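Chains A and B, in that order, give the protein sequences.
Numbering-wise, the numbering used here puts 300 at position 300 of the first sequence, and it's gapless, one number per residue.
Counting from 1 along the second sequence, just add 408 to a position and that's the residue number in the numbering used here.
Everything labelled a hint here was simulated from the structure, so no lab data went into it.
Careful, some of the hints might be misleading.
Claimed, not checked - Label-pair ranges, simulated between beta-carbon atoms:
1. F25/A with N424/B: 54 to 60 Å
2. G489/B with W4/A: 27 to 33 Å
3. T429/B with F25/A: 49 to 55 Å
4. A297/A with R620/B: 37 to 43 Å
5. N424/B with A344/A: 51 to 57 Å
6. T28/A with T526/B: 54 to 60 Å
7. T28/A with S453/B: 46 to 52 Å
8. G321/A with D530/B: 46 to 52 Å
9. A344/A with D486/B: 31 to 37 Å
Stated by the list, open to error - Here are the simulated DSS-like cross-link-like pairs (lysine-lysine), alpha carbons at most 30 Å apart as the crow flies:
10. K174/A with K53/A
11. K474/B with K605/B
12. K53/A with K207/A
13. K549/B with K308/A
14. K101/A with K605/B
15. K308/A with K277/A
Fair warning: this is a prediction, and the values are worked out from it, not measured in the lab.
Cβ atoms here follow ideal geometry from the backbone N, Cα and C, with glycine treated the same way.
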Amino acid sequence: MNRWTPFEWISAVRFLREGRIQTIFIVTGVSIGVAVIVFMSAMLSGLQVNFIKRVLTSQPHISLIPSMEVARPLRHRPGMQELAIVQMPMQRIRSVDQWQKIRQQLQQMPQITEVSPIVSGSALAARGEASRPVTMTGVEPATFFRIVRLPDYIVAGQPRVTSSDIVIGTELAKDLGVAVGDKLTVTTATGRNNTLTVMGVFDLGNKGVNERNVYVALRTAQTLLNLVGGVTSLEVTVNDVYAAEIIARQIQAMTNIEADSWITTNVQFFTAVNAQKTTNTVIRAFVGLSVALGIAAVLVVSVIQRSKDIGILRAMGSSRGQILRIFLIQGGLIGLIGAVVGSALGAAALIFWHAYFRQADGSELFPLILERQLFIATALLATVTGVAAAMAPALRAANFDPVVAIRG
Amino acid sequence: MADDSVRLDGVRKSYNVGTPTETEVLHGIDLTLARGEFAAVIGPSGSGKSTLLNIIGLLDRPTAGKLFVAGADTSVLDDRGLTRLRGRSIGFVFQYHYLISAFTAIENVMMPMLVEHTFPSDAIRRRAIELLERMEIAPWKDNPAANMSGGQQQRVAVARALAMNPGVVLADEPTGNLDTRSADGVFRLMREINVEKRTTFLLVTHNMNLARRCDRIIEVIDGRITSDERQAPHPVRQGGDD
């Protein structure tokens, strides 16, 4: 007995030690519960970080695009009603009006980190007999590659786009049978064409994108799409990705140009992330509840088994408070030990999972994030859960009539 | 009066009060135990002996009448006050030792002192060793309580009852579960403590031989004291015969 350990702690520890099998079972149960919570929380937050990183490194946070063209028939005459079918006009490729001025304005906003103009339109990429439809994007590499991290996804060659270069996806390279250094011809609906050299091949992890998307220099695209001096959209990145929608609304109000944030263009992704969060919370709550019930069940049995000891302690002058504390401490200790063991198990499982389960391209499935806060919060929560779960059995023990308890 | 350890004035005890099955088991007990008395309570099973012991031990409250322990009127004390008085003034020895199996012999003896002082100081440990030496079981002090013979366990229980140096020790069939030799040993030690410390002992027993070796025999039948005899001092009574 350590002379600095209070009587209630000594008793609680001894009672747990004596009921060895019971204690081992419940601590194991709590550990598994905590391990599941730690594993799920860390993996899901890692997956979310990864998803968001992937989504946001392959697209801008906000796109400024010219407004749709609409037909406005002039027919409002007072007192006259007219039934008419108004056909949607064709959407020609148009430039964002005054884009240089808007770009300057945007660059002055502190929340905005990057603004890059692009020209995007459809084209036909051909080599010899083979041709494929593509979405051609003309970019300013210096700024655009800071928004879409194309250089990170280059699998062959380099992400260089000078006026005679083109960067294509792996699928298109396969379809056209081209490799770095080969030439292919890009033709647009305007009838213009240009022969460009494949400088790099990328793999963005999406077959459709790898088949369709090609990147050329801004001026090359402007010429091919007959939009000299114009841009079809301004791509923007911001500091706080979750504030993108608010910033988009501010930009729209300021410039009168349609601004779409990644949040509105990826509604399904957001729904999935939220559904995942909700599921995670529900699972954690139920695991926590079953852990609490397990602790309570074991302590209820322990209180019955120890009724004579409780009676003797009461006869020796133990107060109800002391008896209450002995059992609350047991609950807390079970929770805490379970949390420590469970956190270690959860962390080990995460490290194992992270090491052996990879994405199809060999990259990590989720970043390994072992935050100290998660472990501290889990330990605290498990201890509090243990104490709370012990409350009912502890109250029962404290309210034992010593005469009845001793008699058994 | 000031030298009384325990005094009962017209103590009554009923169970199921206010219900059709209300039963009175003690019908107005008047009893005084002077300091240093060594008394036996005898009587048939169900006569109310254990109830009387529980009331004197402050484990149960009388339905009517007054109980004074160490000069304090227990009727005015709340649960906390009763618990404190019980811890400081009364020691219990039961028929079965009722040691706490999670602790060693010495830790069981330290327990009442820990209940009072919370931390296991050296003084508490010394006191426990002293008591175990007095009970002639110091060599087994670190044995788990469950790993001892019946006689040894009961001696630990007596040492535990004496830990707080109580004025009164209440013993319910303290030797009822022991062989004659162990029983005599335990009885002799209780008697010696009684003489040395002037601790009041009240033993509930069915064993008339044991009762005859006490200073006073109180007979309880059907919840009433039917006889209360003081016996002449007997030289053998103190020494025991083991």
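A quick look at each hint next to the structure:
| no. | hint | verdict |
| --- | --- | --- |
| 1 | F25/A with N424/B: 54 to 60 Å | violated, 41 Å |
| 2 | G489/B with W4/A: 27 to 33 Å | holds, 29 Å |
| 3 | T429/B with F25/A: 49 to 55 Å | violated, 42 Å |
| 4 | A297/A with R620/B: 37 to 43 Å | violated, 52 Å |
| 5 | N424/B with A344/A: 51 to 57 Å | holds, 55 Å |
| 6 | T28/A with T526/B: 54 to 60 Å | violated, 32 Å |
| 7 | T28/A with S453/B: 46 to 52 Å | holds, 47 Å |
| 8 | G321/A with D530/B: 46 to 52 Å | violated, 26 Å |
| 9 | A344/A with D486/B: 31 to 37 Å | violated, 48 Å |
| 10 | K174/A with K53/A | holds, 27 Å |
| 11 | K474/B with K605/B | holds, 27 Å |
| 12 | K53/A with K207/A | holds, 19 Å |
| 13 | K549/B with K308/A | holds, 22 Å |
| 14 | K101/A with K605/B | violated, 104 Å |
| 15 | K308/A with K277/A | violated, 48 Å |
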